Amino acid sequence: HHPIFPPPESESETSWVWTQIKAEARRDAESEPALATHLYSTILSHPSLDRSLSFHLANKLSSSTLLSTLLYDLFLLSFSSDPSLVSSAVADLLAVRHRDPACVSFSHCLLNYKGFLACQAQRVAHRLWLQSRLPMALALHSRIADVFAVDIHPAARIGKGVLFDHATGLVVGETAVIGNNVSILHHVTLGGTGKVGGDRHPKIGDGVLIGAGATVLGNVKIGEGAKIGAGSLVLIDVPPRTTAVGNPARLIGGKERPARHE
Amino acid sequence: HHPIFPPPESESETSWVWTQIKAEARRDAESEPALATHLYSTILSHPSLDRSLSFHLANKLSSSTLLSTLLYDLFLLSFSSDPSLVSSAVADLLAVRHRDPACVSFSHCLLNYKGFLACQAQRVAHRLWLQSRLPMALALHSRIADVFAVDIHPAARIGKGVLFDHATGLVVGETAVIGNNVSILHHVTLGGTGKVGGDRHPKIGDGVLIGAGATVLGNVKIGEGAKIGAGSLVLIDVPPRTTAVGNPARLIGGKERPARHE
Amino acid sequence: HHPIFPPPESESETSWVWTQIKAEARRDAESEPALATHLYSTILSHPSLDRSLSFHLANKLSSSTLLSTLLYDLFLLSFSSDPSLVSSAVADLLAVRHRDPACVSFSHCLLNYKGFLACQAQRVAHRLWLQSRLPMALALHSRIADVFAVDIHPAARIGKGVLFDHATGLVVGETAVIGNNVSILHHVTLGGTGKVGGDRHPKIGDGVLIGAGATVLGNVKIGEGAKIGAGSLVLIDVPPRTTAVGNPARLIGGKERPARHE
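Chains as they are written, first to last, in the working numbering: chain S, 36 to 297; chain C, 36 to 297; chain X, 36 to 297.
Hints are supplied without guarantee of correctness; some may be wrong.
The list treats identical chains as one, so a pair stands whether inside a single copy or across any two.
What the hints assert, rightly or not - Each computed SDA-like pair below joins lysine to any residue, with the alpha-carbon atoms no more than 20 Å apart:
(1) Lys230 x Glu259
(2) Lys230 x His133
(3) Lys57 x Ser47
(4) Lys230 x Pro136
(5) Lys230 x Ala137
(6) Lys256 x Asn216
It should be emphasised that the hints constitute simulated quantities derived from the structure, not laboratory data. It should be emphasised that the depicted structure is a prediction, and the values quoted were computed from it without experimental measurement.
Using the sequences provided together with the hints, build the complete structure.
Written as structure tokens, this is what we have:
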């Protein structure tokens with residue numbers, strides 16, 4: 036379940052992952068002919084990961100007034116203009132495959148993980164936001180929230196190698212920052228306290244794990260490698276490599292001598 | 036971010052808001068031509084707020100067996116028969132614009148806020164419920180729950196000027212009542228205890244604020260201007276202008292001398 | 036609200052329930068002509084419950100690349116090959132009608148309850164999983180998670196007579212088992228602790244009731260007839276007919292002399 040797959044040095048990581056995805060899709064289409072059309076249109080007919088992802092996201096997020104053709108162009112152009120969007124997607128694919136024991140293949144994640152798909156679409160919305168294309172960024176944000184029940188403000192900054200596991204109900208506010216290699220379960224809120232404006236949402240360090248249903252409120256700092264227990268309500272900073280649990284959350288081991296893991 | 040915009044006395048509040056919405060949509064269509072078709076079909080082609088809202092809700096809530104044309108007629112007729120539905124929508128638009136720092140314009144709310152859209156559709160379902168048109172009210176309820184992940188029973192009564200912020204996962208039971216100027220975050224449940232039938236859900240007073248993930252169960256009364264903390268489990272009455280936090284929730288300051296805010 | 040309706044001995048339970056559903060749909064189509072097309076296409080045009088359910092699920096779960104015709108065939112074939120899928124659906128219909136005071140008719144549940152529909156589709160996905168048709172099982176799982184915001188792994192085993200009330204945000208992991216006559220409210224997680232692989236999810240006994248927003252983590256055993264309070268975080272076994280509440284959950288009455296109900 037947790038394979039190690041360093042890409043051969045002669046190939047880029049992206050092309051290595053894309054090669055795996057196509058091989059998986061061919062194998063699945065053979066074993067399940069009823070899915071062949073689906074796999075052909077979403078993966079096998081495309082020459083590259085960015086085209087496959089653009090097509091799939093455009094179909095998922097389109098509506099009767101936001102046509103899939105418009106969204107397809109938007110995604111394609113974003114991916115080709117900013118290669119870091121594609122490398123972030125690849126880092127996420129590797130993260131999900133490594134960290135989620137329920138993930139059986141890269142194509143499983145690419146086609147079926149709403150957290151993965153919402154994250155890729157949000158990064159495009161974030162790029163539009165930075166280009167001051169607010170109406171388009173917010174229209175995309177709205178479609179992601181409707182279709183995946185994942186509500187990440189387009190202004191929020193998200194690192195690479197993130198896993199939004201299950202993802203339903205995830206809410207991330209406008210001034211939140213999520214570091215690299217973060218894992219966040221479903222029903223998690225990175226929100227504001229409602230008492231202040233401006234920079235008002237959590238900053239999540241690299242390698243943090245946030246359990247299901249945790250609520251982190253305010254401009255608090257969750258340090259590198261910290262763990263937030265399921266169902267916790269966190270209103271305070273959490274030091275690096277420290278675990279916080281409970282409602283309201285306390286640091287395990289006490290504030291003075293917090294338990295550190297790893 | 037928190038503009039004050041008293042409508043000029045010579046115009047009604049509804050027409051003033053509609054004028055703003057059209058001006059915003061024209062500005063957005065100009066700055067983002069790719070959205071022009073979307074903005075034209077949802078806003079600019081319509082002569083009034085109720086027509087724009089009917090069109091947008093009908094498209095969002097239609098399915099292969101509940102056609103958008105049927106829903107469009109249903110919404111149009113409801114809005115024209117009961118002007119309080121339109122004035123409630125306007126009060127909600129003003130509330131969202133005032134209270135949510137992430138809301139950038141009225142048209143942003145009208146087009147993109149699932150909490151706003153779910154609330155307008157629920158008010159129409161409530162009207163159908165009061166007219167004993169249960170099958171239609173429940174079909175609409177089901178579509179709102181599918182499309183927005185917002186599950187408000189059509190019998191529930193909702194006041195004016197409400198903000199359902201983020202809204203994903205909101206569940207409101209059959210005999211719940213929500214007052215005017217209430218703000219409710221996502222993942223909030225106004226539910227029953229499962230121990231009694233009949234009048235079994237919470238009554239939320241005017242101006243109450245309920246934080247993300249709070250669960251309020253039973254026929255309890257949350258007094259005017261009270262605040263319920265995020266992640267709280269509330270099984271008791273909360274006096275006016277009092278804050279309740281925790282699982283199970285306690286009143287801050289103790290039951291005898293609760294802290295009162297404002 | 037809680038009618039008793041033993042099917043006449045001369046008829047099977049399935050055909051009795053189907054007769055009720057058609058009578059309800061005819062009555063509703065007469066009282067609400069605008070819904071007649073919807074009711075005809077989803078119920079009245081079909082000769083049996085499994086055909087009606089297949090048609091309705093296929094329409095709800097189809098996408099631009101997973102056609103409703105393909106899903107209709109898949110559901111039809113599954114139901115006709117495995118009659119226990121149909122009898123489970125009937126047991127669920129009876130359970131919802133008996134236990135949920137907000138359910139007004141069998142057809143209300145069949146057409147509108149996302150928890151009911153997600154459960155029937157998951158049982159088909161589970162059958163595909165057992166037949167080693169993983170790509171199809173996972174594609175179906177993904178559509179159920181997108182459309183209903185209900186995320187039940189296709190490997191999870193679900194008994195008969197279950198009620199997933201409201202259902203939005205329900206997450207059930209790969210090795211979870213849910214017994215017969217279980218009632219689970221919305222936002223409930225039956226998840227893993229993230230610390231172990233393999234058999235890592237909760238086992239829920241017959242007749243258990245799990246309140247809204249409860250999180251049950253790890254390979255713990257929730258005994259027959261136990262009750263888990265809303266918003267609880269359960270990391271321990273709960274003995275039969277015992278109530279657990281709180282974050283973290285404690286057994287009411289203490290571990291030695293837990294309060295038992297009924």
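Problem set entry | Enumerated hints in conflict with the structure, sorted upward | none
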